[in-house]
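Q: Fit chain V to the given chain X structure using the hints.
Those protein sequence lines, which keep their order, are chains X and V.
Mapping to the numbering used here: the first sequence position 103 is 103, numbers consecutive.
Just so we're on the same page, the numbering used here is the position in the second sequence counted from 1, plus 1000.
Hints were generated in silico from the structure; no laboratory data involved.
There is no bait here: all hints are sound.
Derived DSS-like pairs (lysine-lysine); straight-line CA-CA distance at most 30 Å: (1) V:1067 with V:1056; (2) X:57 with V:1067; (3) X:70 with V:1042; (4) X:70 with X:57; (5) X:11 with V:1042; (6) X:57 with V:1002; (7) V:1042 with V:1002; (8) V:1056 with V:1002; (9) X:57 with V:1042; (10) X:11 with X:70.
DEER-style ranges, computed between Cβ atoms: (11) V:1053 with X:79: 42 to 48 Å; (12) X:79 with V:1018: 44 to 50 Å; (13) V:1058 with X:16: 47 to 53 Å; (14) X:56 with V:1052: 25 to 31 Å.
If you want the footprint, here are the derived chain V segments under chain X, 3+ residues with CB under 8 Å: (15) 1037-1049; (16) 1089-1103.
Even glycine gets a Cβ: it sits at the ideal position worked out from N, Cα and C.
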Amino acid sequence: DAGITQSPRHKVTETGTPVTLRCHQTENHRYMYWYRQDPGHGLRLIHYSYGVKDTDKGEVSDGYSVSRSKTEDFLLTLESATSSQTSVYFCAISESTPRGQGIHEQFFGPGTRLTVL
Amino acid sequence: QKEVEQNSGPLSVPEGAIASLNCTYSDRVSQSFFWYRQYSGKSPELIMSIYSNGDKEDGRFTAQLNKASQYVSLLIRDSQPSDSATYLCAVNGNQFYFGTGTSLTVIP
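Here chain X stands alone, though its shape is the one from the complex (with noise of 0.2 Å):
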């Protein structure tokens, strides 16, 4: 357990309103991630953080904005839903390896179920 927390577990909104997501962690690590899981797709990057007020897009950024201003917190927010961004939202968290180098191995949270009416 890294101490990912995520909120709500949860949600259906409708098409147009936005919505934010919360990711917290206990452990002060460095960098954070938020992923989108869809069937046939895996897992895909949305965003990710390197330090508090440092962000950079992900392979699925398009309709997605995200915030830290605290190395425990990294928000993601859709600023319009709309229904392709039904999906299942994980964050994650990721520390290096005792080797070192820049290898991390990462670690997520329980996830967000989300569904855009």
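A: Quick look at chain V alone, frame taken from chain X:
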């Protein structure tokens, strides 16, 4: 071409048998390789990491890496019904990439 390819299965093996899961990747600069287990409705759980060519064993699990062939595999010995899950291969080069997973069912 996807960065990481896995046979989606389903793969079925009898209890006590060896389950073999395979993964190929396209990025030759990839340095680290991971296997995750995901139960239905749950989050992925890291079960094995491997960084060098050859085999790495941890209990009933053995990961095998062949960088020349860009191939990673996971062997599960003495398979148990509790091993029934989807297994995700992940590769870390310039970015983390996940395969779509192989569904494994262990039949009692």
